[in-house]
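Trainee: Chains A and B are the protein sequences, given in the same order. Going by my numbering, the first residue of the first sequence is number 350, and it counts up by one from there. Going by my numbering, the first residue of the second sequence is number 350, and it counts up by one from there.
Be a bit skeptical, because a hint or two may be false.
Claimed, not checked - No farther apart than 27 Å at their CA atoms in a straight line, the calculated lysine-lysine pairs in the DSS-like style are these:
1. K371(A) to K403(A)
2. K371(A) to K660(B)
3. K446(B) to K472(B)
4. K446(A) to K403(A)
5. K446(A) to K371(A)
6. K371(B) to K660(A)
7. K472(A) to K371(A)
8. K472(B) to K403(B)
9. K446(B) to K403(B)
10. K660(B) to K472(A)
11. K403(B) to K371(B)
12. K472(B) to K660(A)
For the record, the hints were derived by calculation from the structure and aren't laboratory data.
There are 2 protein chains.
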Amino acid sequence: MELPRTVRIVEVGPRDGLQNEKQVVATDTKVALIARLRAAGLRAIEATSFVSPKWVPQMGDNAEVLTRVLAAEAERGEAVARDGAAVWYPVLTPNLKGFEAALAAGATEVAVFGAASESFSRKNINCSIAESLERFRPVTEAAQAAGVRVRGYVSCVVGCPYEGAVAPAAVAEVAQTLFEMGCYEVSLGDTIGSGNPDSIRRMLEAVLTRIPADRLAGHYHDTYGMAVANVFASLQMGVAVFDASVGGLGGCPYAAGASGNVATEDVVWLLHGLGIETGVDLDALVDTAAWISAALGREPASRVARAVLAKRRAA
Amino acid sequence: MELPRTVRIVEVGPRDGLQNEKQVVATDTKVALIARLRAAGLRAIEATSFVSPKWVPQMGDNAEVLTRVLAAEAERGEAVARDGAAVWYPVLTPNLKGFEAALAAGATEVAVFGAASESFSRKNINCSIAESLERFRPVTEAAQAAGVRVRGYVSCVVGCPYEGAVAPAAVAEVAQTLFEMGCYEVSLGDTIGSGNPDSIRRMLEAVLTRIPADRLAGHYHDTYGMAVANVFASLQMGVAVFDASVGGLGGCPYAAGASGNVATEDVVWLLHGLGIETGVDLDALVDTAAWISAALGREPASRVARAVLAKRRAA
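Start from the sequences, fold in the hints, and give me the full structure.
Mentor: In structure tokens:
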């Protein structure tokens with residue numbers, strides 16, 4: 350089939366990435382990272398998570414981050430109105446308490462996070478899949494009432510660290526529930542990176558019987574180096590939104606030293622190579638990957654960033 | 350289209366990989382590496398290069414490596430005859446002098462190395478494409494007379510470090526000449542890793558008008574993280590032979606610090622995930638990647654090796 354002509358990237362580095370880094374990054378650094386990502390052309394940047402700092406100390410400054418990011422955005426108001434390109438800063442809100450805090454900080458988009466694996470749901474958020482979905486319902490209802498849009502995540506869409514292979518039908522079921530609850534988009538997460546173009550295709554085939562392609566996003570981890578191929582296979586099935594993390598921030602929480610979220614620059618390189626527009630300036634993105642990686646005391650994890658930086662050094 | 354059910358991997362780490370490492374690796378280490386790769390199930394292992402040690406000191410022990418590898422193979426003769434699986438140890442022979450030295454050391458398969466880019470040919474082997482092809486002709490004739498099979502390489506099949514984009518028709522032309530000269534297989538090399546699933550597809554479409562798919566191999570570099578996706582796209586076009594380098598040995602000679610040859614373990618992971626047989630034992634391959642990387646004083650470059658080793662440490 351024809352590939353999509355434009356793709357929307359949802360940058361998840363500041364939340365999904367930094368949440369999984371051992372170091373707690375300074376608020377100023379987070380705000381600057383988000384500003385750099387915006388300047389690089391990203392128009393959807395997951396900013397933080399409204400969870401308890403007891404569980405996720407990395408996101409303890411959630412209200413301050415979101416408030417500052419939205420204030421900076423408001424200052425750009427005129428220019429934004431001129432070019433007509435809204436920028437979205439979704440934040441993770443696992444429950445009504447988190448949603449209310451996010452709303453108080455000015456959130457205009459939130460995200461809820463379900464799982465397609467029963468064991469992962471119990472270990473990760475301490476309740477069954479069904480219970481988690483019921484917990485999201487008041488969030489989606491309150492969000493609709495407040496004019497806040499909601500994105501749904503499904504994790505473990507191919508494999509689970511506790512159960513192994515996950516049935517495509519289980520993914521379709523959870524994705525459909527989130528979609529019917531009012532999520533404008535459902536992001537399908539290969540949380541442990543065990544997917545390949547074949548298992549991703551089978552999973553998408555099942556989900557596409559319930560949700561149209563233009564309401565789906567691929568969220569792939571590069572643990573085994575398959576993420577770029579999985580993005581390509583998803584494009585072939587009509588998916589045109591992908592989550593990615595600048596510099597591959599975050600690593601893999603299930604295997605220390607392994608890769609986690611696919612790097613945004615690797616996805617953008619693929620898409621631009623395929624002639625697909627993203628609105629992202631790759632050079633500025635690589636600069637940002639180098640800058641945040643240096644702040645964390647390491648090299649960028651992505652091949653594109655390393656190659657582009659190596660070529661610049663050689664030039 | 351249906352993907353191939355089995356794929357042949359041509360392991361190029363001991364030659365293409367080690368040739369591009371700064372360190373000169375000890376002969377014993379090379380011979381042990383090849384033995385480990387064989388034990389991991391690889392049945393085509395490029396062993397060395399018969400070039401002048403003035404130009405490529407890393408391959409200065411070519412005759413000793415090949416002689417020892419073939420002697421070890423002969424010792425296994427009975428077992429090999431029993432399971433019927435011949436193992437091939439191609440060696441690079443850029444000219445008749447190299448071929449004669451390879452033949453004297455017992456070679457049963459050699460390889461010649463042409464380019465689809467005029468500038469690359471001049472800078473890399475100091476002659477035009479046409480001159481290089483004429484230089485290969487006596488090699489292929491002598492090989493046929495000696496019952497030695499010849500593999501052809503075409504480099505820069507998508508991009509050239511000096512010229513930029515390379516026309517698919519230029520690749521098809523060189524590939525066809527090598528094929529008609531008697532090469533049983535032509536390996537298409539994305540030498541600078543600039544290919545993506547679209548440019549690889551266009552290149553293959555051009556080559557497939559001249560050479561059947563079962564006589565082609567994909568030789569992709571992972572400089573920008575696209576190699577696994579490029580293998581997938583090639584499988585979709587019927588290509589069923591891929592070159593790869595254990596542990597991603599070799600790096601990129603055109604951008605220090607960047608990735609080079611795609612890692613064998615990443616390709617094998619993809620293929621096994623797609624249900625395609627390779628005959629390779631992934632765990633033994635990862636062990637080998639860890640072992641040779643340690644010998645070079647570093648971590649394996651491949652995501653699969655890093656993830657598998659991280660999971661083993663955690664277990």
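Trainee: Next step is simple, just say for each hint if it's right about the structure.
Mentor: Structure-based check of each hint:
1. K371(A) to K403(A): 14 Å, holds
2. K371(A) to K660(B): With a Cα-Cα distance of about 18 Å, the restraint between K371(A) and K660(B) holds, given a limit of 27 Å.
3. K446(B) to K472(B): Holds. K446(B) to K472(B) sits at ~21 Å (cutoff 27 Å).
4. K446(A) to K403(A): Holds: K446(A) and K403(A) sit about 15 Å apart, inside 27 Å.
5. K446(A) to K371(A): Holds - the C-alpha atoms of K371(A) and K446(A) are around 26 Å apart, at most 27 Å.
6. K371(B) to K660(A): Holds. K371(B) to K660(A) sits at ~18 Å (cutoff 27 Å).
7. K472(A) to K371(A): Holds, at about 20 Å.
8. K472(B) to K403(B): Cα-Cα ~16 Å, so holds.
9. K446(B) to K403(B): 15 Å, holds
10. K660(B) to K472(A): 19 Å, holds
11. K403(B) to K371(B): Holds: K403(B) and K371(B) sit about 14 Å apart, inside 27 Å.
12. K472(B) to K660(A): Holds - the C-alpha atoms of K660(A) and K472(B) are around 19 Å apart, at most 27 Å.
Hint compliance for this structure: no hint is broken.
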